[in-house]
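Go by the hints and put chain B onto chain A.
The chain contents come next:
Protein chains: 2
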Amino acid sequence: MDRLARIEKTLEDAVARGAADGSPPKITEAIRHALFSGGARVRPQLGLAVAEACGDPDPRASAGMAAAIEMLHCASLVHDDLPCFDDADERRGRISVHKAFGEPLAVLAGDALIVMAFETVARGGVASPQRIGGMITSLSRAVGLPHGIVAGQAWESEPDADVSVYHAQKTGALFVGATVGCAIAAGSDPGPWRPLGEKLGAAYQVADDLADAMGGVDDLGKPCGQDEKNGRPTIVAELGLQGAVRKLEMMVRAAADAVPDCNGADELRALVMMQAKRLAPQQAAAKISAA
Amino acid sequence: MDRLARIEKTLEDAVARGAADGSPPKITEAIRHALFSGGARVRPQLGLAVAEACGDPDPRASAGMAAAIEMLHCASLVHDDLPCFDDADERRGRISVHKAFGEPLAVLAGDALIVMAFETVARGGVASPQRIGGMITSLSRAVGLPHGIVAGQAWESEPDADVSVYHAQKTGALFVGATVGCAIAAGSDPGPWRPLGEKLGAAYQVADDLADAMGGVDDLGKPCGQDEKNGRPTIVAELGLQGAVRKLEMMVRAAADAVPDCNGADELRALVMMQAKRLAPQQAAAKISAA
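Taken in order, these protein sequences are the chains called A and B.
Each step along the first sequence adds one to the number in my numbering, with nothing skipped, and position 144 is 144.
Each step along the second sequence adds one to the number in my numbering, with nothing skipped, and position 38 is 38.
In case anyone wonders, no lab produced these hints; they're calculated from the structure.
All values reported here derive from a predicted model rather than from experimental measurement.
Think of the CB as a built atom: it goes at the ideal place given N, C-alpha and C, for glycine as much as any other residue.
Check each hint, because a few of them may be wrong.
[As the list claims (entries may be wrong)] Okay, the calculated bits of chain B under chain A, using three or more residues with CB under 8 Å as the criterion:
1. 10–21
2. 77–90
3. 104–115
4. 119–129
5. 148–162
Next comes chain A alone, as it looks inside the complex (with noise of 0.2 Å):
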C-alpha cells in the first residue's frame, strides 16, 4: 500500500469505531467533514516517509503516528475556524465545520479530533508498547504547552509576539511531531530528524504566508488575505514579497539538506524538494526550479 493509502485506512479505520455502538451520529459527520476535504495530507506523509528512510519495522506504528498527526493538524483548523479565532465561513473551498454544524459540534469535533489522535497512536503501538511512550511525547510536545500548535495560537492572545516563535509553533511544531514521532514509530534515535522538521515547517509557513499575500491558492484553503484582514504578523509583512521568495528558496534546500544519513536519504531529499515546490505560488515555485 502507498502512503497515501495507509493514511487513509488508519483514518477512515479511526473515525469508524469512533462512530460505531451507538455514537452520537451528528458529530461524526462533523469529524469526516474536517478529516475528509481534500487535504494534502503533507503532514503525515512527510511522517511515513520518514519511518520508512528508517526502516519501518512496524508499519502500524508509523502509520498511527503518521495520521495523528493529520488528526491534530485537522483540529487545530475547526478550532482556528471558530467565530472567536478567524470566524471563517470557508476551508478548502468548502463550508468550515462551524457553519455546517454549528458551533457545539465544532468545538466537540476539535475535542474528539485530539483525543482520537492519542488513542490512535496507542492502538497503531501495539506491537511496539515501548515505544508509544516516546510517540505520545512527541505528540503531545507538537500540539500542547510550552511549544506547540496550541501555544502558537494562545500568542494571538498575548500584546507581543516574536513572529518567527509565533510561525514555530503554530506551523514548524506539528512538522517536527511528524519527524520526530515517526522516527520513534520506526525505532531510530529522533534527534537528527527534529531540524528537518523544524526546517521544512518554517518554509511551509513561508509558503503558506506567500500564498495568502500574492493570492494564489492558498494549500489550505483559507480565503486568502486573511492574515492581513486577521492584523497577523506573517512573513510577507516582515520582510516584503521578494524578501519572502528569497526567504523560501532558501529554506526549502535547507530543508533537503537537513535529512540525516539513512538508507532512504536521496529519495528523501527529493521527496522534500518536490513537496516543498508544490506548496509555492507559482512565481516562487519557478525561482526554486531555477535555483
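Chain B only, in chain A's frame:
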C-alpha cells in the same frame, strides 16, 4: 504523601512544565484558573484509592493517570461553560474561564488541558512503559467517541437522547477511566474495576442532579437550576425528587458492593460510602445514613 497531595503535586508539576521556557503567559493563567479552583478531586482520589487497593507498585504511574483524569474533567468544564454551550458566567463560585480570559483562551485552555492529560500519563509511566498504551486507551475511551464525555456532550446536539446513555457518557465515563486506568497503572487486571466506576459515576450524576434541583450546593459550582433552564434531561425530571433520592441510595450501595475483592477492599468500600454521602444534598444524605 497523602492522595490529595500527590494529585496536587502532579498537577502543579505538569502546569509548571507547560509554563516553562518562554510559553505565552495568559494561557497558563487560564489553565491555573480552571485547574486550581477548589475542586474536590473526587475522580483522581478514587483512582489513587483503586491503585492503592491494587498495591500501587509504581506511584508515579498512578499519580500521572489520576492527574490526567482531573485535567480532562476540568477541560470539559471549561468547554461546557463556553457561550455556545451553557454560557455560564460562574463555576465553583468564581468567574468562568471564558468570562475571565475571553473565549479564545478558554477554547485553547481546554485544548491544552486535553493534550497535557495524555502527556502526563506518558511521563508518569516512564518506569512502566508497557502500561502506557493501556492507560492512554482507558483515558481516550473516557473522553472521546463513541462513549466518552465528548459523546455525551454531543448528544445535546441530537434530536433524541436516552437520558441514561447521556449520563453514563457525560459523567460515568470519567469515573470508569479513573478506576480502570489506575488499575492498569498498578499492573492489575482492569476488568473487575469497571463496575465500580460505572456505578459510582451513575450515583454521582444523581447527586449532582439532586443538588441542581433542590437548590443545594452544587459540587461542580454551577449556579443551581441550570439543567432545567437548559432543558437538559435529568434523573429528577424523570423520577421526581423522592424517586431520585431513593435511586441515589440504591446506587451508592451498589457502588460499594462493586468493589472487587482485594487487600484494600474494606477501606475502599468505606471511602465510596463516605464520598457519595458528602456529595448528596443534606436531605438525601440523611436518608443514606439511616439506610
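Hints, verified against the model:
no.	hint	in the structure
1	10–21	holds (count 5)
2	77–90	holds (count 4)
3	104–115	holds (count 9)
4	119–129	holds (count 7)
5	148–162	holds (count 10)
The structure agrees with every numbered hint stated previously.
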